[in-house]
Amino acid sequence: QKEVEQNSGPLSVPEGAIASLNCTYSDRGSQSFFWYRQYSGKSPELIMSIYSNGDKEDGRFTAQLNKASQYVSLLIRDSQPSDSATYLCASPGTSYGKLTFGQGTILTVHP
Amino acid sequence: SQTIHQWPATLVQPVGSPLSLECTVEGTSNPNLYWYRQAAGRGLQLLFYSIGIDQISSEVPQNLSASRPQDRQFILSSKKLLLSDSGFYLCAWSVGTLSGEQYFGPGTRLTVT
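For the record, the sequence lines run as chains F and Z. All residue numbers for the first sequence refer to this note's numbering, where the first residue is 1 and numbers rise by one. All residue numbers for the second sequence refer to this note's numbering, where the first residue is 112 and numbers rise by one.
One chain only, chain Z, in its complex shape:
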């Protein structure tokens, strides 16, 4: 069966510090991968999606970036965090088309202070 891991589970970082969040998927090959952010009390905002290694699309211009160095690994990064980057970061995967069912990881709760 497929499983998805994210780490760390929680993170407190000062403004201006770098960020690296990692997501890995097990039990499937060539998944589509997604990064979402959910701000407190708000909906899910798609940040990036990827259909393959080094194939990443950005949905919103911001100070975040994503990379996919391996088939089942997706990394979200920032060089300098902003207060507005606080939120619940969710990685998700799907197979087949990008329009199919997506399955979410446990998430990383980021607080920028």
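Chain F on its own, in the form it takes in the complex:
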């Protein structure tokens, strides 16, 4: 069964710290991975996409992909209270269709 699993959290970090969110996947053929942010009561918002091994940086966000270890992570530098949300990892695997989403990690950034 193809799965995407996230560290369950919740994760609490102080303002200004680095938040590290992790995701593992079971389908070795997965080629793309996505990170979504979901504020309480709102819909998920795509914040990062990563397709190849290594790091991809976008502002304070860095996505890291390690296909050999089947591991993808999201680092948030200089965390702000506004980053407090649930973060969802998703991947389509190799099946034609649908993203498989992890259960999400709740991040709280406290002042």
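These are computed hints drawn from the structure, not numbers from a lab. Wrong hints could be hidden among the right ones.
[Claimed, not checked] If you want the footprint, here are the derived chain F segments under chain Z, 3+ residues with CB under 8 Å:
1) 45-59
2) 98-110
[As the list claims (entries may be wrong)] Okay, derived cross-link-like pairs now, BS3-like style, lysine-lysine, Cα gap no bigger than 30 Å in a straight line:
3) F:LYS56 x F:LYS67
4) F:LYS98 x F:LYS67
5) Z:LYS191 x F:LYS98
6) Z:LYS191 x F:LYS42
7) F:LYS98 x Z:LYS190
8) Z:LYS190 x F:LYS42
[Said to hold, decoys possible] Every beta carbon over 10 Å from chain F, so not counted as near; a handful from chain Z, in silico:
9) THR135
10) GLU137
11) ARG179
12) PRO180
13) GLN181
14) ASP182
15) LYS191
16) SER195
For every residue, glycine included, the Cβ atom is placed at its ideal position computed from N, Cα and C.
Based on these hints, arrange chain Z on the given structure of chain F.
Just chain Z, lined up with the frame of chain F:
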């Protein structure tokens, strides 16, 4: 730019009543469209996806159905709601393959009483 609309934003319906949720996408042609449900405190469950008009695939057997009468319109329906149908219903779109980036609408929060 592309935008996606869903309505209504919130809905309270009694058990056994019908349901119709609508989703429309603007600014793109021939999008792939998806319906998800997110129950309270739980992950996203894919209900239906569509690659074109009248081309709809169901992911889970249930009392819900979907239709796509126009290229950029996706409708989720039920003839008789169950208590277990309560949740946050999200429509999403993508272009290209079904495995690509998906963009979500604002959602409809349904409470079945």
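Tested hints:
| no. | hint | result |
| --- | --- | --- |
| 1 | 45-59 | holds (count 3) |
| 2 | 98-110 | holds (count 6) |
| 3 | F:LYS56 x F:LYS67 | holds, 14 Å |
| 4 | F:LYS98 x F:LYS67 | holds, 20 Å |
| 5 | Z:LYS191 x F:LYS98 | holds, 27 Å |
| 6 | Z:LYS191 x F:LYS42 | holds, 26 Å |
| 7 | F:LYS98 x Z:LYS190 | holds, 26 Å |
| 8 | Z:LYS190 x F:LYS42 | holds, 27 Å |
| 9 | THR135 | holds, 15 Å |
| 10 | GLU137 | holds, 16 Å |
| 11 | ARG179 | holds, 16 Å |
| 12 | PRO180 | holds, 22 Å |
| 13 | GLN181 | holds, 22 Å |
| 14 | ASP182 | holds, 19 Å |
| 15 | LYS191 | holds, 27 Å |
| 16 | SER195 | holds, 19 Å |
Every hint, counting from the list given before, is met by this structure.
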